[in-house]
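**Student:** Listed here are the chains, written in short residue letters.
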Amino acid sequence: MELEIQEKQPRSIGELVAICEALIFVSDEPVSAKILAEVLQEEKEAIESAIEELQAEYEQRESGLRVREIGGGWQFSTRTEFHEEVRQFLKTRPSAKLSLASLETLAVVAYRQPVTVPEILEIRGVQSASSIKTLLDKRLIVAKGRKETVGRPMLYGTSKDFLIQFGLKDLSELPSIEDFEDLVN
Amino acid sequence: MELEIQEKQPRSIGELVAICEALIFVSDEPVSAKILAEVLQEEKEAIESAIEELQAEYEQRESGLRVREIGGGWQFSTRTEFHEEVRQFLKTRPSAKLSLASLETLAVVAYRQPVTVPEILEIRGVQSASSIKTLLDKRLIVAKGRKETVGRPMLYGTSKDFLIQFGLKDLSELPSIEDFEDLVN
Amino acid sequence: MEQQQPEQLSFDFESVQPHIVRESRDQINLELGEFAGPLDLLLYLIKQEQANIFDIPIARITDEYLKYIRLMKSMDVSLAADFIVMAATLIEIKSKMLLPRDPVSDAEEEFEDPREELVNQLLEHEKFKRASEMLYERSTVEQATFSRGKIETDENNLEVSATVFDILKVFRKIMERHKEEVQMEIAREEMSLADMLKNIKARIFSGKAVNLLDIFKEMKSKNELVLAFIAVLEIVRTESVILVQEKVFGDIILRKI
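Chains as they are written, first to last, in the working numbering: chain A, 1 to 185; chain B, 1 to 185; chain C, 1 to 257.
Just chain A, same shape as in the assembly:
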């Protein structure tokens, strides 16, 4: 570990608490007092009491968050009392997020509509039934009648919600392959 912090004023307790708070917050994983001590070149005991103080602060002000120890490290999490609201929030937030598979299927539907599931399979080379379902659930695509061919398969196209979510007035505003090529060259 590289340690580049130059000689400095020793940190006050308050400062150390705040720095630990920031580092625990940015960390992707629970972070141990040992690691914090190393990075900050402080005694492990100093870090431990800073975290204790931090924890007490969150308790005292009845914060919606708490500092908890998990798997040998420290991490923020929401307070259990509010799990109902958190769940609700995470569920209802409109999300334009898609898995890569769904995104691929959406791309084929957008550019080849109206299109049937076998045709999508043919273009993507992968079964796309579950992506189709996801996209229908998210209301990004809709059924557009049936194709007059053997088995009369369903035809799919993009929905109004699709236009809204991707900020398009109508389908003609979809960028074309040529638009892209213009940028690449």
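Hints are computed from structural coordinates only; laboratory data are not their basis.
Using C-beta positions, here's what the derived DEER-type ranges look like:
1. C:Arg177 <-> A:Glu43: 53 to 61 Å
2. B:Leu171 <-> C:Asn223: 55 to 63 Å
3. A:Lys34 <-> B:Asp137: 37 to 45 Å
4. B:Leu171 <-> C:Val182: 39 to 47 Å
5. C:Pro57 <-> B:Val150: 37 to 45 Å
6. B:Ser32 <-> C:Pro57: 51 to 59 Å
All values reported here derive from a predicted model rather than from experimental measurement. We treat Cβ as the ideally placed atom computed from N, Cα and C, and that holds for glycine.
Since the structure of chain A is already known, use the hints to place chains B and C on it.
**Tutor:** Relative to chain A, chains B and C alone:
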């Protein structure tokens, strides 16, 4: 949006502050008072004052974090004073280099949006296609439909990520381009 | 498509701030870097000359500009076409400036300065240059703040938030993939019946008995399989070749008579 929360005791101010804190924390992008109000079935004003209080709390106790408005919503972030420690801790900082040309193109898009590639060329005096592509890849700009003119060229504008990465609440926070004129001579 | 965690931007400014170092009156040297465009270079030269932007000494600036272009060329730096276009514009303005004003024309008639359009463009450009400096400063400040690390609930959402261009890019990739597959198929199917006949005959007449099953196993597609089957029938019909099955349900052997 489904709203399933049952009839409940009205929430106290303290509770509302704590819940907002929890929701802003779990959200993976800035979250607006409007969305919080919808999910929690509270008045937007109540949410706004709860957030204000939350913000004041973090200020008062000189936390390592702050609550800030950015990209049209609220988000926690670390306090700037501790950037050295945070950087030290995160060690590898993903760095996406933006060239002077891309930055200039971004400025033109930001101030002239929605704008087409030929219009950018006119202002910059340089072909800007590759900068546009870089900015699209970095999600700093997005397609905003087509211009109803010969060839129906794509229009571009700045994205939410742009606001976030440049620390802007919204576009109105950008200084007016005319302000720069005064400096010219 | 990368996952969300907002990327931290950094700017490559050290290397892009170019510098022209004057060696002597006729020789200039360039310290590494690039101008963001011809207008950028022009502004730089005007400042170097401490000239008034509203009264550009066009002849001098044009000379300087051309010197720069030549220098870049001699260094084998590929110059954007826009730089050349600007050179042409400068030369054009310069020559217009040299033309005597039409004495017949009414003095009242507005005299159009050939430099006017360029000056406007430069002024406009200067504004945006300052705006981009402002953006740079903002992002530098912004780089001192960090957002939260990943938490569990983010993981439930291992998904990408897509823009219209992502859809296009993905579609382009699919089409490329699709094209490759189709081409591979075509390549495989390019074997004609004549080729197939020749191949199988060659094997039979090389002397060894050939197991029919082996031939069929080697075929890479349904199409080839059909071709091989027809070829075998054709060979048996036209050549002195027989099909032998030594055991019931045993392998079938092709053998020349």
